[in-house]
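**Student:** Take a look at the letters that make up each chain.
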Amino acid sequence: MSALDPFEKWAELARLEHAPQPDVVPSVLRDLKSAAIAPENPATGVWAFVLASAFAAVACAWLGHDAWLALLGNWYSWIQDFTLWSSI
Amino acid sequence: MATPDDAAPSQAIDEDREDVRAAFNGDGEAFGRIVHRYQSEIAKSMWRFTRDPTAHRELVQDVFVNAYLSLHTYKELAPFSHWLRKIAVRTGHAYWRNRSRETSRVDESALRNIAQPPVGNDPKEAGELVHHALGCLPPRDRLVLTLLYLEGHSLEEIAELTGWSLSMVKVQAWRARKKLKKILSRMEKEA
Numbered sequence: 001m002s003a004l005d006p007f008e009k010w011a012e013l014a015r016l017e018h019a020p021q022p023d024v025v026p027s028v029l030r031d032l033k034s035a036a037i038a039p040e041n042p043a044t045g046v047w048a049f050v051l052a053s054a055f056a057a058v059a060c061a062w063l064g065h066d067a068w069l070a071l072l073g074n075w076y077s078w079i080q081d082f083t084l085w086s087s088i
Numbered sequence: 001m002a003t004p005d006d007a008a009p010s011q012a013i014d015e016d017r018e019d020v021r022a023a024f025n026g027d028g029e030a031f032g033r034i035v036h037r038y039q040s041e042i043a044k045s046m047w048r049f050t051r052d053p054t055a056h057r058e059l060v061q062d063v064f065v066n067a068y069l070s071l072h073t074y075k076e077l078a079p080f081s082h083w084l085r086k087i088a089v090r091t092g093h094a095y096w097r098n099r100s101r102e103t104s105r106v107d108e109s110a111l112r113n114i115a116q117p118p119v120g121n122d123p124k125e126a127g128e129l130v131h132h133a134l135g136c137l138p139p140r141d142r143l144v145l146t147l148l149y150l151e152g153h154s155l156e157e158i159a160e161l162t163g164w165s166l167s168m169v170k171v172q173a174w175r176a177r178k179k180l181k182k183i184l185s186r187m188e189k190e191a
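Sequences listed follow chains A and B, in order.
The first sequence begins at 1 in our numbering and counts up one residue at a time.
The second sequence begins at 1 in our numbering and counts up one residue at a time.
Heads up, a few of these hints could be off.
When the alpha-carbon atoms are kept at most 25 Å apart in a straight line, the in silico BS3-like pairs for lysine-lysine are as follows [claimed, not checked]:
hint : chain 1 : residue 1 : chain 2 : residue 2
1    : A       : Lys33     : B       : Lys189
2    : B       : Lys189    : A       : Lys9
3    : A       : Lys9      : B       : Lys182
4    : A       : Lys9      : B       : Lys178
5    : B       : Lys124    : A       : Lys9
6    : A       : Lys9      : B       : Lys179
7    : B       : Lys124    : B       : Lys181
8    : B       : Lys179    : B       : Lys189
9    : B       : Lys75     : B       : Lys86
10   : A       : Lys9      : B       : Lys75
11   : B       : Lys124    : B       : Lys44
12   : A       : Lys9      : B       : Lys181
A short list of chain B residues far from chain A (calculated; beta carbon distances all over 12 Å) [stated by the list, open to error]:
hint : residue
13   : Glu18
14   : Arg48
15   : Glu157
16   : Met168
Partner residues are not named here, just some residues of chain A that face chain B (Cβ under 8 Å, in silico) [to be verified]:
hint : residue
17   : Ala3
18   : Phe7
19   : Glu8
20   : Lys9
21   : Trp10
22   : Ala11
23   : Lys33
24   : Pro42
25   : Val46
26   : Ala48
27   : Val50
Simulated from the structure, these hints should not be mistaken for laboratory data.
Given the structure is predicted, the values throughout are model-derived calculations rather than measurements.
Even for Gly, the Cβ is constructed at its ideal location relative to N, Cα and C.
Turn these sequences into a full structure, and let the hints steer you where they fit.
**Tutor:** Below you can see the structure in the form of C-alpha cells.
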C-alpha cells in the first residue's frame, strides 16, 4: 500500500463536505460602490494615451518655437552688434 | 437536436452574457445577479483555500471584485462560469502565496491522523485534516493537489485553470505527490 492511499481516501471523503454559504451580494455591491471602481476598459486607456501624447506634442512645439525665436533673436542682435562695430 | 436538458444551460449562458455586458457598462444590479447566481459554487471552491469563516467570506467577495475589475478580459468564447472559476483559483492561490510569507505552523497531529485510513465517515473532519495536511506544502504544490484531489479536476483542466502548461502541471503534480508521500511515510513510521 502506498503512503498516499490513506490520503486519497480522506480526500475522497472531504469532497462530500458542505461549505458555508455566505451571501456576499450586498457586500460586493457595497464594495464596488464605495470604492467607485469600474471595470477596466482598454479603449479608455488608448484614448487617454492619445490625448496625453497630443498634449505633450503641443507643449513641446510651443516651447520649442519660443526657444527657436529666442535663439534667432540673439543671433540677429549679435549680427547687428557686429555690423555696427567699428574699430577705434 | 437540442433536448430540454440542453436548453437550461444555454439559457443560463445567454443570461450570463447579457448580465456581463450590462455590468461592463456600469449596471451594478446586473453584476449583483451574477454574484447571486455563482456565489454558492464559488463559496464551495474557496472553502478549499481557508477554513476560517471570516477569511472565507472575504475570499469569496474578493473573487467577485476581481472578476468585476477584469470583465474586459472575458471574451465570451467559453461560458462565464469557466472564466469565473479561473479567477477564483488564481485569487485562492494569491491568498496562499501572501499567507506563506507569514510564519506558518505545520499541524503535526493532522499529518499523523491522515497517514492512517479514515475510520469514521465525517466529511467535515476529513476536510479539516486534508486542509491541514496540504498546508505543509508550498502554495504551488498545495494548489495542484487541491485541484486534483479535492476538486477532482483532470490535469488538462488544472492547466486551463491555473494558466500553466500541461507539462508544467504534470511535473508540479508529480513533485507535490512525492513531497506529500515522503511526509506521510515519515508520519506513518513515527506512528
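**Student:** What hint numbers does the structure not satisfy?
**Tutor:** Checked against the structure, the hints that fail are numbers 1, 10, 14, 25, 26, 27, while the rest are satisfied.
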